[in-house]
Amino acid sequence: MSTTIYIPNDSSAISLGANRVAKAIQQEAAKRGIELNIVRNGSRGLYWLEPLIEVATANGRVAYGPVQVSDVTSLFDANFTQAGSHPLNLGVTEEISYFKKQQRLTFARVGKTDPVSLEDYLANEGYRGLSNALKLPAADIVKAVTDSGLRGRGGAAFPTGIKWNTVLNTPSEQKYIICNADEGDSGTFSDRMVMEGDPFVLIEGMTIAGIAVGATQGFIYLRVEYPHAHIALNTAITKAYAAGYLGDNIQGSGKKFDLEVRLGAGAYVCGEETSLMESLEGKRGLVRFKPPLPAISGLFGKPTVVNNVISLASVPIILDKGGEFYRDFGMGRSRGTLPLQLAGNIKHPGLVEVGFGLTLRELLYEYGGGSASGRPIRAVQVGGPLGAYLPESQFDTPLDYEAFAANWTVLGHGGVVVFDDTVDMAQMAKYSMEFCAVESCGKCTPCRIGSTRGYELLDDIIQGHDLEKNIPLLRSLCDTLLNGSLCALGGMTPYPVLSALNHFPEDFGLSKQKNAA
Amino acid sequence: MSGPGAIQSTVLDVIAALKDKPGALLPILHGIQDALGYIPPESVPEIAKALNLSRAEVHGVISFYHYFRETPPGNTTVHLCRAESCQAMGSLALEAHVKNKLGIDFHETTADGQFSLEPVYCLGNCACSPALQIGDEIYGRVTNASFDEIIATQEESA
Ligand SMILES: Cc1cc2nc3c(=O)[nH]c(=O)nc-3n(C[C@H](O)[C@H](O)[C@H](O)COP(=O)(O)O)c2cc1C
Ligand code: SF4
Ligand code: FES
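So the protein lines, in turn, are chains A and S. Residue 0 is where the first sequence starts when you use numbering that gives the first Met the number 0, and the numbers rise one by one after that. Residue 0 is where the second sequence starts when you use numbering that gives the first Met the number 0, and the numbers rise one by one after that.
Fair warning: there could be bad hints in the mix.
Residues from chain S shown here face chain A by an in silico Cβ test under 7 Å; the list is partial [stated by the list, open to error]:
1. L25
2. H29
3. V60
4. Y138
Think of the hints as simulated: they come from the structure by calculation, not from any bench. Every residue gets a Cβ at the ideal spot worked out from N, C-alpha and C, and that includes glycine.
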């Protein structure tokens, strides 16, 4: 009987050599006359151990990692296909504490199954949510999502059920579901992992959304930087059509839902929902004024649901296990789980899906194991390039939307980027202004011009020029951005800039007391 | 390899295949850039005509998006991540090394037409920072030495 070996097809695992390892294992097995069944799975998200390969055994899957091509001969010598002992043997994968401590709901299948196998998906609780949804009146589907407490995972944390309800109650002969798969935030990769590692869960979530609000066409707006996700999504969509999970008559229900992937073109602002719709319509990605809300007048002027990948991928389990099941995870008004992404200078980078409420410190040290360099962690940026930097004194903040907002910080899409004590926070602030200048859509003057002005000001400050004048100027410029921007690109660039200045004044040539005054 | 006639017929084929999609402009631009590596200026009037837009509108869209280019790239494009997670893992030093090694700055192509260098703001490979993309391949935990190795194999296979 042949042994089943799992080698991730996840693009980060590939970036560390997973394809070369797969080839070497295949060749070595052929040479030794060992029969292997190689499955290319998603990543378990334990990235410091990638390429992490697994062997199926009677006692569960056993992991080896990080595996390089040069380890392959010794792995065979150690009989790894029978889970033999080897310095890289990590034991049973699901017993590794980083993994075991997590609460994987949205990521239940990622890393476990063959991402593009519909049979695997069905054998692992896939399409049970849709099957329930098809038996419910539309309003009850929306109610289940409302009851779950799910809030948008793309950044703004708006309640998903309320958004869906508006679209449901706006009559129109045509409505749309858009999945925002632009994932432009640096330090984030959870959308990518789902699309590469379990594309059917996103397709199922969008199909349920379509049936719930009466939309028959869906678009996935995918960033062009994700070619592997593009292939996985298109492969899964083709299979879903062939098996009657997409198309004119979904599972014989008479309900229709079509789905297409569209590629972005490297503009960060196109992750903003109205800019995204402009882009889908074939235009420059200029942000629209709101109102009208996209839920009332969105893509091509029709009622449109725009949701993040993780929001939509969380819907199937809610419809399968019920809103209460999901709502029982989390704290306060942040219900369910959040897939956190640990990145930057951290010993154990990866994906950590847990209920809201864990503290940042627990995440950084109990999961992350401290910095990769071994030096003290000095600053952590949470929530992408528009998120604030947190100093040590804020590490006990629980990961919860309201607790973060109370600190003038943002949880956003759950990206956590760690810096050790070699970081220069004035340089980071300057970079934030530069990023805003590069990515501005140009519609508002403060963002278009102010960002370049801010970059120049910070350059002056870094060179120690006229701090008495330049620091107040920087603060007043940030005020203008905060109050005079149409969207969060201009409106939130002050978060990283001012948090850097307020918490790390010494990097700007100021003494701590002087800055507070 | 592809003369003006071949370019023209590629452009027309792409337009014909995609022009009836709702919001066809981006798919058409992607189709042309996938086939030719860039969007030749002479394709703008054809696109404008097919979609009933002005040339200025088509041009405005091309120039809005960082990914679209109007000049041919080198044989291999290096996309180097400049964003925060990669910075936290030393991407600034890597960036200096890459520019020095290739002898070009961002948005430039080497004199021999071998390499182009472009900045990118996150490749979603932040758990393996610093990251870059060379051709279609993404690389993680890149060091100066590993960059040199990858580049050497690219040059061999070219
Ligand atoms: C500049 C900017 C960039 C954004 N980028 C993204 C993105 O890449 N992905 C995303 O889901 N939401 C992004 N958003 C948030 C969207 O505008 C929108 O709130 C979200 O797609 C709604 O989905 P959700 O409710 O499921 O979060 C961005 C917002 C702004 C202002
Ligand atoms: S804040 Fe900047 S990106 Fe946002 S709408 Fe205004 S100019 Fe465009
Ligand atoms: S910040 Fe460089 S890959 Fe994400």
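Do the hints match the structure? See the list:
A hinted interface residue such as L25/S counts as satisfied when its beta carbon comes closer than 7 Å to some beta carbon of chain A; here the least separation is about 6 Å, so the hint holds. Against a cut-off of 7 Å between C-beta atoms, the interface hint on H29/S holds, since the closest Cβ of chain A lies about 6 Å away. Hint on V60/S holds. Least Cβ distance to chain A is approximately 5 Å, under the 7 Å limit. Here the hint on Y138/S is kept, as its CB sits about 5 Å from the closest CB of chain A, short of 7 Å.
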